[in-house]
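Chemist: These are the residues of each chain, in order.
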Amino acid sequence: MREKILRIIEKNSRIDLGELAILLGVEEIDIVNELAAMEAEGVICGYHTLIDWEKTSIEKTTALIEVRVTPQRGHGFDSIAERIYQYPEVRDVYLISGGYDLLIIMEGKTLKEIANFVSDKLSTQESILSTATHFILKKYKEHGTILDKKSTDERMQITP
Amino acid sequence: MRNPLSKQVVEIKPSGIRKFFDIVSEMKDAISLGVGEPDFDTPWHIRDEGMYSLEKGRTFYTSNAGLKELKIEIAAYLKRRYQLQYHYQDEVIVTVGGSEAIDIGLRALLDPGDEVLIPQPSYVSYEPCTILAGGKPVIIELKNEDQFRLTPEQLEESITEKTKVLILPYPNNPTGAIMDRSDLEKIAEIIIKRDLIVLSDEIYSELSYAGEHTSIASLPGMKERTILINGFSKSYAMTGWRLGYACGPKEIIEQMIKIHQFAIMCAPTTSQYAAIEALKNGDEDVAQMREAYNQRRRYLVHAFRKMELDCFEPYGAFYVFPCIKEFNMSSEEFATRLLQEEKVAVVPGTAFGDCGEGFLRISYAYSLDRIKVAIGRIEKFIFRLREEQKQNDQE
Chain G
35 MREKILRIIE KNSRIDLGEL AILLGVEEID IVNELAAMEA EGVICGYHTL
85 IDWEKTSIEK TTALIEVRVT PQRGHGFDSI AERIYQYPEV RDVYLISGGY
135 DLLIIMEGKT LKEIANFVSD KLSTQESILS TATHFILKKY KEHGTILDKK
185 STDERMQITP
Chain W
19 MRNPLSKQVV EIKPSGIRKF FDIVSEMKDA ISLGVGEPDF DTPWHIRDEG
69 MYSLEKGRTF YTSNAGLKEL KIEIAAYLKR RYQLQYHYQD EVIVTVGGSE
119 AIDIGLRALL DPGDEVLIPQ PSYVSYEPCT ILAGGKPVII ELKNEDQFRL
169 TPEQLEESIT EKTKVLILPY PNNPTGAIMD RSDLEKIAEI IIKRDLIVLS
219 DEIYSELSYA GEHTSIASLP GMKERTILIN GFSKSYAMTG WRLGYACGPK
269 EIIEQMIKIH QFAIMCAPTT SQYAAIEALK NGDEDVAQMR EAYNQRRRYL
319 VHAFRKMELD CFEPYGAFYV FPCIKEFNMS SEEFATRLLQ EEKVAVVPGT
369 AFGDCGEGFL RISYAYSLDR IKVAIGRIEK FIFRLREEQK QNDQE
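Going down the list, the protein sequences come from chains G and W. According to our numbering, the first sequence is numbered sequentially starting from 35. According to our numbering, the second sequence is numbered sequentially starting from 19.
Honestly, I wouldn't trust all of these hints.
Said to hold, decoys possible - Okay, the calculated beta carbon distance ranges per label pair:
no., chain 1, residue 1, chain 2, residue 2, range
1, W, W62, G, E93, 30 to 40 angstroms
2, G, I92, W, M45, 34 to 44 angstroms
3, W, Q107, G, E75, 38 to 48 angstroms
As the list claims (entries may be wrong) - Here are some chain W residues the structure puts well away from chain G; computed CB gaps all over 12 angstroms:
no., residue
4, P22
5, Q26
6, S71
7, E91
8, Y106
9, P170
10, Q306
11, Q313
12, A321
13, Q409
14, N410
15, Q412
These aren't lab readings, by the way, just hints derived from the structure by calculation. Please read these numbers as outputs of a predicted model, since none were measured by experiment. All C-beta atoms, glycine included, are put in the ideal place defined by N, C-alpha and C.
Looking at chain W on its own, in the form it has when it is part of the complex:
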């Protein structure tokens, strides 16, 4: 029999997270700080609205781009929160999570050989989606000393004649980094000058802890060259509902709808009805969850400072990204030993790009009680490692 597989697909590396997941699953009583989704349940009034839509028999396809009422609410939300003006009729598409929006966004933009700038460490799907869309990923390695922000210098030197798209993942998973208005203004100038398109993944926009999040699409001259991606997973604790959206220039959204209609048809109907309720009456839920995350964030950063672990203060998402280079071992080795010796699961930074080496992603989408137990164990582990090092030095 002939080889049935596509070479391109076979060549794509499986997610680094997958491998670690398998190890953790074997471990029975491990405490995990390894998830990338909220610990809260979806607020009841949102779930209730989803159930009500089922009771009403709203179990059919919606139009490809999503329910009109939902698109109206999305446009109203983006205006209310981020001063963005999108027309619901032709500048909004409802997708199956932010993930689908990333995929179809790239597919709508790329021709073979087009280069896509991907700042890393970042979410695992940008690189494979770029390859599958025929593009060429060009990695920009973000630095701890820049608090993992994309600097204008780094951007400038990564651009070639073939560069077409910049992926802008802020607030960032896994680093927790944000880019504020002045950071964005500096890179916007280059983006406009070099005529790039931005795929701005703002799925964590509601989880910003240093003032309001700024969307790059709200800067002058940027809306017409930005695909804005957002969704309900992180802000409303709705990961399993699989619902996100993309907004952008009509010409791009039109092509994205085309791919979406053939590949997906439409986003889940029940989820769309629940999401209308989320946008209409969910602001208070979001504020409460943000405050809870922020408290845990402060607790974790404080705990790491006390341990004298090198850790910049992250102001976004629900991750801290401490540096473990002092221990002279790889992230994976550190994470594996931490799991085996103290039964705490964290994700090695390398799961989010090679430049994540020497870092760990620690999620605070957990109750404070659980975080405390885990932190106690991490502290014990680090203490032991430092003792070991001291002994080695003496020998």
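Pulled out of the complex, with its shape left as it was, chain G reads as follows:
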């Protein structure tokens, strides 16, 4: 049941719990208990909203920053990752296999704000060897959702 709940709320965290119970053919109280358990266990970490900021008047710039670092004795990459993820403007931090080590996704108001962050806060850190910043120009799809898709039903209205 967990997997089924998660698959639904991953796409729609605002779903009415009574309705969720109907969809899965279980009692509402079971859903409530399962959600509480998953929140306590940290399986569910939050209920966010997918926003297309482009359509608002709020200025937002997103960048992907590739970072190469020297791992630290005893801590590997964890302690440097921790130093980075403390910054509120850093949205995501991933340890990556391949040509570089950490992938940071950060949000700022302007290009300049991000550039300043990279040169002042990131590059100056001792264990960071190099950075490469990529600015996002257009978002097509986020969290499995195609952002600008207009869905039309192409089917005939009545078929046998």
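For this one, chain G is given, so just place chain W on it according to the hints.
Modeler: Chain W in isolation, oriented as in the chain G frame:
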């Protein structure tokens, strides 16, 4: 000029659905719950494989019975899913949708006067295909109280000396009924005793919500007297690709291939390549779509129960088949008024046989959001009808 038309063809009634379709098309902003095809797009990796085959220039005929690789995959799929053993070389034919398989199956089996048992309500083509193949349709009227399953009693009493074929359409369009293993075992005994051939239309086999689907061909003694029909339309959301298949005893398939080769030549090549991909890597897509349908099914059944509309719980396909007899009007009248007054299109049960009178086919091949809007309107409509009835009773 002489009358150019065949009497037999002229006498065939046009599909009851057609008439209703014309009414709905006139209505601009109607919400439809009237389709018999998935709302999902064909999964991208399958479409991609179809396009790739075009890029590669695979634009020629295939062999009559279909691509070897596809037939191998079909046989492997039927073994994996339904424990069926078919030999790809001579027991499988790839057809233009399940519809063609129904047609050529009947044509391969029937001589003039042979009787074909057709349980109804059911898909619209069994009866006309039987007539066009020279057979005589004998309708078995399925009942709400049996959850629209074919009972051994009904089967037994419909068999005459001339009965040759039984059409077995489960999971069923339009009722959503299924027949589980024990239901099938009961009728299999009679089928064997009375020496019938079964045309088992299992196009909705992947859309079974109460455990795994059982194919009648998997029961002892049945494979040699069954034409199994299935396809890609419903399970992989590939209706427009027009691809299905039939499996059966070599002797029957051989004759079906003969008709197919003269009438059709071969099923569309692009679709056959896409279907190989579907069978190889599509199990997860099918499971996801099934789960989505199942959720909508539960939602609809729950909504009808809340409205206190008589509706048995269907465990197959993507239809519910509520009974509207309490309103004392025909299915067509109900559907027409629902369309005019609330702009919701559903299909009158009578489109699937006379015994569909008093029922509606409601499809849940729609997004939940759309279903919710439609259900809200249906509820309003039913409430109004009941109020009207109350007033009439008082007068």
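Chemist: The structure should be examined with respect to each hint, and the outcome stated for every one.
Modeler: Results of checking the hints against the structure:
| no. | hint | verdict |
| --- | --- | --- |
| 1 | W:W62 x G:E93: 30 to 40 angstroms | 34 angstroms, holds |
| 2 | G:I92 x W:M45: 34 to 44 angstroms | 42 angstroms, holds |
| 3 | W:Q107 x G:E75: 38 to 48 angstroms | 54 angstroms, violated |
| 4 | P22 | 27 angstroms, holds |
| 5 | Q26 | 21 angstroms, holds |
| 6 | S71 | 23 angstroms, holds |
| 7 | E91 | 27 angstroms, holds |
| 8 | Y106 | 30 angstroms, holds |
| 9 | P170 | 29 angstroms, holds |
| 10 | Q306 | 9 angstroms, violated |
| 11 | Q313 | 4 angstroms, violated |
| 12 | A321 | 8 angstroms, violated |
| 13 | Q409 | 32 angstroms, holds |
| 14 | N410 | 31 angstroms, holds |
| 15 | Q412 | 36 angstroms, holds |
Of the numbered hints given earlier, the model fails hints 3, 10, 11, 12; all others are met.
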